[in-house]
Structures are given as C-alpha cells and as structure tokens.
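The listed protein sequences derive, respectively, from chains L, V and F. All the letters of the first sequence, read from the start, carry residue numbers 2 to 695 under the numbering used here. All the letters of the second sequence, read from the start, carry residue numbers 21 to 334 under the numbering used here. All the letters of the third sequence, read from the start, carry residue numbers -14 to 286 under the numbering used here.
No lab work stands behind these hints, which were simulated from the structure alone. Please note that the accuracy of each hint is not assured.
To be verified - According to the in silico footprint, chain F covers these stretches of chain V (three or more CB under 8 Å from chain F):
no.	segment
1	84 to 92
2	203 to 209
3	232 to 241
4	308 to 321
Said to hold, decoys possible - Per label pair, the in silico range of CB-to-CB distance:
no.	chain 1	residue 1	chain 2	residue 2	range
5	V	Gly145	F	Phe37	26 to 36 Å
6	L	Gly471	F	Glu179	29 to 39 Å
7	F	Gly206	L	Asp470	27 to 37 Å
8	V	Ile294	F	Phe37	31 to 41 Å
9	V	Arg329	F	Glu179	15 to 25 Å
10	L	Pro652	F	Gly206	34 to 44 Å
11	V	Arg228	L	Asn136	45 to 55 Å
12	F	Leu67	V	Leu103	46 to 56 Å
13	V	Leu326	L	Ala626	19 to 29 Å
14	L	Ala626	F	Glu179	40 to 50 Å
Note that CB positions come from ideal geometry on N, CA and C, so glycine has one too.
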Amino acid sequence: MTGADSSLADRRALQVEGLSVSYLRRGKASRVLSDVSFDVLPGEAYGLVGESGCGKTTVAMAVMRYLAPNARVDAGRILFQGSDLLSAGEGQLRELRGNRMAMVYQDPGSALNPSLTVGRQIAEVYRFHRAMAWNEARDAAMAMLDTVQIPDATRIMGRYPHELSGGQQQRIMFAMALATDPDLLVLDEPTTGLDTTVEAEVLDLVSRLRTKFNASILFISHNLGIVARMCERVGVLYAGRLIEEGPSRDLFAGPRHPYTLGLLRCVPRAGMRKDVHRLDPIAGSLPPLGLDITGCVYAARCQIVRPRCTQEDPPGLPAGERRTSRCFYHGEVPDIPAGAETGERSPHRRGDSALLEIDHLRKAYGARGYQVTAVADLSIELKAGEVLGLVGESGSGKSTLAKCIVGLLEVTEGTILFDGDRLARAADWRNTALRRKLQMVFQNPDTALNPSHSVRRILRRAARLLARDGSSGEIERRVASLAASVRLRPQHLDLKPSALSGGLKQRVAIARAFAGAPALVLCDEPTSALDVSVQAAILNLLADLQAKERVAYLFISHDLGVVRYLSDRIAVMYLGQVVDIGDAEAVFNPPHHPYTEALLSAMPSIDAGQRPARIRLTGSIPNPANPPAGCRFHTRCPRLLGEICRVTEPPWQQDGSGHLYRCHIPPGDLRPIQAGAKTGRDDGGPGAASPQAQ
Amino acid sequence: MWKFFAKRAGLAVVTLLCVSVILFAVAQVLPGDVGRAILGPWATETQVRALDHQLGVDRPLYERYWTWFSGFVRGEWGTSYLLNRPVAQITFDRLRNSLVLGGFALCLIVPISIGLGVLAALNYGKWLDRCIAIVGLSLIALPEFVTGIIVLAVFAVALGWLPVSSHVPGLNPLDWFRQLLLPSIPLMFVLFGYISRMARAGTVESLRSNYVRTAILKGLPRGTVIWTHVLRNSLLPTITVISVQTGYLVGGLVVTETLFSYPGIGKLVLDSAIGHDLPVLQATVLLVAVLYMILALAADVLYTLLNPRVRLSA
Amino acid sequence: MDAKGAQASGPAGADGSEAEDASAAGRRRLRVLLIALLQSRTFVVGAAILAFWVLDALFWPLVVPQDPEAMIPEVTLRAPSLAHWFGTDDLGRDVFSRTLAGAASTLTVAPAATALGVIGGILIGLFTGYYRGIADDVIMRIVDSLLAFPLIIIAVLVMSILGPSLVNVILVIGIVFAPIVARTVRAAVLVEREREYVAAAKLLGNSNLYIMFAEILPNIGGPIAVEITIRLGYAIFTSATLSFLALGIQQPSPDWGLTISIGRAFLQIAPWEVLFPAAALATLIVGVNLVADGLRQVLEE
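Could you build the full structure based on these sequences and the hints that come with them?
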C-alpha cells in the first residue's frame, strides 16, 4: 500500500468489504448476501441495481446498522470514513445517523409520524444534532423546505403528513435527511410508488441537491433507467452477489456479465414492435433464498455456461477500466446472440368492426353535494383483435374505466356497447355468453388468485363456468390445454398459489381469463408487480396469445415502454378524460398532447438519444373532486396558451391518420414547438448509453 | 366534525329508545303478578286486584310504557316495590357506591397496566414479555368471583388483615383502603388484562412501523424515540379501551358486589331482577344504558380529538 | 471457446418459462401448522390442561373415590385428610369427588354455547360483511349498541325471565356471543372482499353464496379459529358466573360456580369447600386461554 493509496482509503466515504449476511428463521440460516465489496467515493453517486430478492435493501440496512433482529453478519467490514460501522456502539451510531449519514426510502406516507406536524419532524433533526432551541430549529426547517422546493413553507410546516401528496412527503424526507449536510446519503427505492411525472421531479430535485450538498450517494433501485440517469458508477446484484461493477455509462453500453446483458435485453426499447421483435427474457428463475450453490450462482440460467462455472465460484475479475465482473468468460459477453426466441410472430389483422364502443361514459362517486367524478364524458372505440393501450397516472380514472366495462362498478351515465349489444350495468346481470367473451387480468398476482385453492381447482372452476360443453372429461381436457397454452407444467396444477412465483401466478391468472375463448381481455397493469425479467416473459405470452387467439386487449399500464411495445393504438388519460388517442407511434411523436409530451420526457430510460428535452410539470395532480375549469390540464401545462385554456374546454385536434388530441393549439403550431424541444436534448445523465452500442 | 358527533348522538338516542322499549317488554314478561308477589299467596283476589290497581299495573301496555318513560325522562322514577323508597334515591346511592369502588380500582391500576404493557412491548419476545402477556391474559379470563374468593380466603380469612364483607368507606383514606382494597382486586385484575394487552399491542405495532424506523435512522435519542414517536401513537387505542372499561365499572360489577356484599348498582340490578321489583329494575338498567352511551360517545370524542388523521377528515 | 457449443448445453425452457418454486410448505400447510403448534410451549401446556379436564369430564364416574352426591352427616365440614383429600362440605359430601365431577356441567355448556354462537356469528358476519348496504348498517348498529352493555347485565335479565336451567344457559350465552363473533368475522370478510380474487370470481359468474362460502370463508379460517378458542374461554367464564349468581344450573349439581356460591357462607370455617373448585375453574380457564394465545401466535407468523 503506497502513501497515495492509504490517503485514498481515508477519503472513501463508504467502503464495503466482503460483506456476508444471513437471516435466521426457525433456527436455519439463509444466506442473503455473499462477499459483497464496493466503494463509494466522496461526492460520487453509486447505484446498486437488482431484481427483488437480490439483497439490495439488506445492503442499505447493513450500512445504516439497522438490520432485523434475526439478521446476522457472517463476515466483512463496513467502513465509513475509515471507521468500522459494524463494531460501532449505540452512542456512536446515534451520533452518525441523521447527522453524517442519512437515509430516504420508499413509501414516504408511512415513513412519517402521523401524529406530529411535518415541521416538527424536520426541526427535530436540528434540535438534536445541532443543539438548537426549538424556534431556531423551526426556522432552519423552514429554510430547508425552500431548498427542497416546497412552496408556501409557512403553511406546510403546520401540516400533518397525511395532508400532503406523495411527492411532497418524499421531499419532506429529503429535507430531514439533508438537514445536517451529511456525507453519505442512502436512497433505497426513493421513487417507487410515485407517479411517473412526480418521480421525474423528485429525481430532478436529487440532481439539483447534489450540486448544493456534496454528499456521496448510495442509490438502490430495481429500475435500470433511473440508475443510469443518476449514478456515475453501478453495481449489479444477483442472488446476494455483486456480479458486475463499473462506470455506469460503460456498463450499460457494454455489459460484461451475462445477467446484466440479459436484464438489458428484457426491457422493451423504443422501436420494438410486438409483430417483429420478441422480448428476450432470461430463462430459468432465481435460486431459492439461502440455497448453498457451488460454483457460479448464475450458472443455471447462463447462456455461456461451461463446466468450470459449476465447480468454481468466480471472484471479481478485472474487466476493463475500473470494472470488475464475476464471470470467467466475461470477454465473450458482448458476442452473445439474442435468445433462442427470435423470429416474428404471425402478424395479426385487426378486424374492421368495432368490438367495444363506449359513448359519453361518466362515473361519479358520492352524494349530490360532494361528488368525485372518476371518469368524465369518455368515448372510445376498440376494434376486434386490436390492442388499445391505456396510459395514465393516479387519478386518471383508467382503473375505474376498466371496472365499469367489466361490470364491477356501475356507470353513472353513458352506454357501453359490446359486439353491438348494450352491456348490463352490473356483472351480476350479465349472461354466460358475455362472460366468456369479456374477461380481465388483474394487477397483483398475489391477491388475484384464491390462496386456498389449488391451480387445478381455479382453472377447473373457470372452465366449468365458461366452457360450452359441461362434461367433466371435456373440462379436464380444457384445463390441461389452458395450462399448456400459458406454459405451466403438469406439476404446477396441484400447487397452491403461495408455492408459485409471481410470474407463474400471473400465468394462471391469464389462463383463467382465457378459459372461455374471450374476444376482449382487459389487462390492468398485469406486469407492474413483476420483476423485469419475468415481465418480458409475460409480455411475450400475452402477445403470443393475442396473435394465436385473435383476441383484443385493453392494456392498462403506467409504463410507457411496455405499452408502446404491445399496443396498436394508445389512449392517454388525465383526470378522467382521454386527452390523446391514436396509433401507437403517432401518439409517441409530436404533435401530441402536452401531457403526453411530459410523460415521455419523464420516463427514465437507458437510451439517452431517444429522450426529448426535460419537460417538467409544475404542481401536483388536482383533486378529482374539484377539477380545474376549462382544460383540465391547464394548471400544469407547460404549453399554456393563455386565458382560453382556463375558461374553455379544448376541442379535439386531428393530426391525420386518426390521431386525435384535446388542445387549443392546432397541430400545425404544436408540431414545430415540440419537435424543436426534442432536438435541444440533454445528454441523458451520467450513465446513459449512447444509442449505437446496443 | 360536529356534524359527525350530532349524528352519533342522534343514533345513541334512537338506540336508547329501542332499548327502553325492549327493556319494558322484558320486564313485563317476568313471570308472576306483581300484586300477588308482594302480598303473598294467602291474600284474597280482591286485595290483589286492589293493590294492582293502586300500582297501576292493570292499565294497557302502551299507556304504562308511556307513563313510565315520560316519568323517567322527567326524573320521576316511582317507588320500589320491595324497599318502599323512591327509586331514584336508591339508584343514585348505589351508583355512587359503584363509582367509588370502580374509581379506586381504576386509579390504582391504570398506570401499572400501561407501564407494564409498554415494558412488555419494548422487550418483545423475551421472557419478560411472555410473562406479562400470559399473566394479563389469564387475569382477564378468570371470573371475578374466582379471584375474589381466593383473595378473600387468603387475606380476610387466613391472614385476617381485611374484612370479609365491605361497606362503603367513610372519608378517612385509611378506611378507603380497608374497605375497598379486597373487592377492587378482582376488578384490577380484569382491568389490567385489557389495558395492558392494548398498551402492549399498540406499542408493538408502533415499534414495527416505518416512522419509528425513520426516527431511529435520524439518530434521535432513545428516550425521544419512545416518548414522542412510539407512545404518542401507541397509546391512542389504549385510551379508547380505558374509556370503554369505565363503562364496565357501571353495572358490570355485579359479581364482585355480590361476593363482597357491597351495595353497588350491579347488585341492585340482580336483586331487583330476581325479586321482580319492576320500577327499580327498569329504571336502573335504563340508567346504566344511558351512562354507557354517554361514556362511549365521550370515548369517541376523545379519540377524534387526539388523532390528527381522524380529526381532520371528520 | 465455442460459444455456440456452450449454448447448446444451455438451460431448458429457453422460451422463458420458469422452473417451479415448489416448497413443500405450500402443499402441506396444515401439517406445518400442527408442527408449529406443538413447538409452542404455550399451546402445549394449555392443551395438556384442557385435555386433562376433558377426560375428567368424560370419565369422572370411573375415577371418583366417592359418590359426589352422597351426604354423610357425621363428617360435615372436615378439613382435608387421608379419607377425604379435599375435605368435606357442609352436607358431608366429599369435595374431591365433587370437584372432579364439576367439570362435566361446565364442559357441556361451554362447548355447546360456543358452537351456537360461532355458527350464528359466522352466518351473520359473512352476510353483513359481504353484502354491506343498509342491512349491514342497521344490524351492526344494533349489535354495537347491544355490546355496549355489560354482558352480565343482559344475561342476568334474560335468565331471570327464562328461569334457570342448563338449556337456557346454553341459549343465552350462545345468542349473546353470536354478535361478538359476527363482528370479528365481518371485519375479516371486509378485508377479503376487496381482494382481486373475489372480483375475478364475480367476473366468472359465480353466485354470491358460492363466493361467500367457497371463496372467502376458507381464507378467514385463521381469525375464526382464534375467535372460537377465545369464545370457549368466555363461555366457561360466563356459565360459571351465572351459576355463581344462582341463575344457572341448580342444586344438587357439583357445578363449580354453584358450589362456590353456596360454600361462600362457610368460607371462614371451611375454606377448602370453595378453594378447590375455584382453583379447578381457574386452571381450566387458564388452559383454554393458553391454547388460544398459542394458536394466535402461531397463526400470526
């Protein structure tokens, strides 16, 4: 160790060396982290990515010394500015936490004390770590609210957490964390659960704060795009091991581990169309927690696996400038071809007849005095065999719309025609023929299947209720064919849902929806609760089934990339109305509604070149109980024309080829403004890859 | 917020009306002719009917209900058949006695219960916690006469420290302890069971919450975390339980009062039910119902005022 | 060096289907539950006590040294001795035999009353929780206001109308318990009915009855099981209390509550007459509550 190295060692804000952690349950230890080592330099942002179960939250908890009581550190050291955290006493930890190291994590609503005002909770930090009197502390807290860009700080100080929106709550968390100008900031999925546009604002805030507060950041997320945008260096976790590490731009442009490559290939990229490209999921599944594996932990799923991989566990091998990879053959990774699933699907043909016609639909809750309109005057059409993607954030009314169509909610006004017939309002009153043709796949696979019933029972019940032929032999045959069509194996049929992974559960849910050979399936965020690699497989399945069975989808999602891949047409909803509708590619390109423009700009993406300039929306989503007059979007619109937007409801503008959007600005004027903004693009952040590399 | 309370109060009044009707009906079903019950089997029919007429029990049902109910509301509760004194006087006397006993028990046991409940939660999973939890659980479950009789046997009979039957104490504090300690022990056991269980559960849930994690990760001192963050949230449900338990002290003490021959309102209900003393029975039970509703409403008000989430949305 | 060759020996299922993640626990949940229960000390101790008393209630005629109802005037109020392990009462009856025999009445009434209350409670809870609406509002208001009363007052009132007897005690306790159980069941149903599998079942066209009993009910078994054991404890409690207040089972039954009530008068000269039945009752109740607590703890995991 030369003198220069040792001074480097002291300057490192965070050093994790050989960290191994296990959880004890009923006497048995399950290894969750194995030999994890990485450094975070002062002022640097280090991203830790991985799918669920990879151990990233455990790393965060270990760094803050807040592991669960049944967790045990088997080996390793965690050095913060030179001193070992794992052996620090309570007093020392209290001195460090909230002061020199701070943490912000997801679900800010539950992370704030519901009985204390927000101002008091921020002031606490100043009082205890800076020995200020309460009134001094409150002044400091108010100044901090300004720094995190919460307007009207005086009023907000006296508010309780549940009175604030999700974005505001998270800003409060940041205010508390940064109050004392800490040296290390640990962010554990800080934007998960927030709407896309709010997420973009929070990430912008983090970037801005970095220039002001020179803290090192450990940024943990499952979202590759966010990490690419925010972090200079990245480490990839798989099954508790850090399998690759390096500067984020290089790593995402040219990964050196088969898993990283697989992850990057899973995500639908711009320009991919379901007719032409299949998504490339990663074969196999995560090894069960705590299993002792000899050799490389990824070997069972790897495309370049060799005998050596199953015998020796690869250490971190150098793979370039400041890069390491736990793969013996990392040099070959760039040459791995796309998966066995290449080739095109048979292109489906959209029918000409309208399958679903919705006319002036309105759905309102509440009594006459106080009504909340979830869906307001909505009219759309869906053709047979077509995929209509429905995009929107919270409060847009997309889930309400789905439930109205399917009969779980009764509409207040308006009609829904299915195959030419008016739909009865409630699901109870519909007949079997209709139920066969119109089904739904729900968002959360954990609760969408009855935990007490086996898979076979679930499918059998669906088949019995929906199938035409009621004989038990026919039903068994139907169950078997349904299971096969979603690629379930016979041994899955006798299991209960708790024994299945998320992806398998969702397959069962899809099989159930297809039990009656439907004409229209509503998919309500079917992949939002799944990991990226599993999502790709489910999307492939949905696309295959659609092509094979010629079924139409109403595909609801907040993930624009997924919607773009799968949909023929797209409708964008805001505050209960459709604001933009047309063919998928048309909606994604100017001219389009300013809200669509903002959504696209907010999407964190690995491909920098695709992203238009940062359009940020001000304010938060208005209360649906009290929508703005005139154009509902005018309170946040970056393209606000003037008084006309505040007073008059905008008309539908048409941009050829059936693309419609609601705005006062005609396409001729809007197109150059939006296209011009696109060319003035930013570089996409520290980790964004340049387009050519993939 | 006031609209919310007005609605609750209105509901309570309606319920009370229903209860009064049911109560009246029930009381009238009690077997036996009233006049006969008072005069005994040797009186003649004429004498019985005369007494019935004097008592007013031969008038039609709805008329009797209305007389009774309107009288109740005005405070005219009639005269006891058995004791020949005004009902109101008897009832309120006994009510005061019960409240004295109950209040004594409450004051002693509430701090102990909350303290031990919180202590158990802070030591969750360890033997101290299991001990306190199981003791609390058992104590709720044991009937008051079981704990009472054991306590009597030990302290009154074997050791002779305290009297076997208790009467209402005078003003001397020492007398308070002497008379009230034994009968209040079964009460205290029951109260301890409920209050400590709720304090423990509330504290455990609070300790596991995300906001306590935030407080700890902010580096706040342990005392502040427990006091400002944990207890402020965990004691809310406990306060509700305490308010409900004060209702138990009104009328729920039948068994203890019987065992210790203490002249309380619960015993009054029992005696008047067995003795078919209708005026006393009806008035007392209705009074208990009224008090119960008032206490429940007060508990709701208290909870709403203390919990910001409910307060602002109501 | 041959990437293609390596690929040929790659994993099966390259179409993206995952290997199953079948843990045995999913299949044999019941067996795991039983094993966990047997590992809980609380549960085992409670179950042992309960088992002892159940066996006693069934087989006491074979075990008692003397006839519980045999009155021997010469040996009234004798202290415990070799001839009478627990002493004799004011009528010369053997307290030990009476204590053993007393379990039968309690353990007849309590399970029957619990069963009545639980079945009624499940039905009420399921229907009000699932359908909601005005009927639910009304019924729950009634239940809430009823439960506002001290139960004992209600029991006293009703028993004094109906007159004391075994059947009446069972009926009263059962009917009073039904609303309490209904509240717990309803709360659990309210949670389940928001879950997506219920919506999916509706979409398939299942009838409401099917959804209530075949879809929702199996998933609320846990809270119901805990509630049953807690109710059993309270049933024992209430039936003993009613006997103590002379509103329950009548003489000459060796019922514990009744014995304590009568023996009170002799507390200062013959405390054994009340203490042993009191201790017996206490152990039974503690046993049942240990079982309840053990069950609740295991199910919470």
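So, going through the hints one by one against the coordinates:
Counting residues of the segment 84 to 92 of chain V whose C-beta lies closer than 8 Å to any C-beta of chain F gives 0; at least three are required, and the coverage claim is violated. Counting residues of the segment 203 to 209 of chain V whose beta carbon lies closer than 8 Å to any beta carbon of chain F gives 0, which falls short of the minimum of three for the stated coverage. Requiring three or more residues with a Cβ within less than 8 Å of a Cβ of chain F, the coverage given for the segment 232 to 241 of chain V is violated, as only 0 such residues are present. Residue count for the segment 308 to 321 of chain V with a Cβ under 8 Å from a Cβ of chain F: 5. That meets the three needed, and the coverage hint holds.
For V:Gly145 paired with F:Phe37, a C-beta distance near 29 Å keeps the hint of 26 to 36 Å intact. At about 32 Å, the CB distance of L:Gly471 to F:Glu179 agrees with the hint of 29 to 39 Å. Checked against the given bound of 27 to 37 Å, the beta carbons of F:Gly206 and L:Asp470, roughly 35 Å apart, stay inside it. Checked against the hint of 31 to 41 Å, the pair V:Ile294 and F:Phe37 passes, with Cβ atoms roughly 36 Å apart.
At about 20 Å, the CB distance of V:Arg329 to F:Glu179 agrees with the hint of 15 to 25 Å. A beta carbon spacing of about 57 Å between L:Pro652 and F:Gly206 contradicts the range 34 to 44 Å that was offered as a hint. At about 34 Å, the beta-carbon gap between V:Arg228 and L:Asn136 misses the expected band of 45 to 55 Å. The hinted range of 46 to 56 Å is satisfied by F:Leu67 and V:Leu103, whose Cβ atoms lie roughly 50 Å apart.
Checked against the hint of 19 to 29 Å, the C-beta distance between V:Leu326 and L:Ala626 comes to roughly 27 Å, which is consistent with it. Remark: the range hint 40 to 50 Å for L:Ala626 to F:Glu179 is contradicted by a beta-carbon distance near 22 Å.
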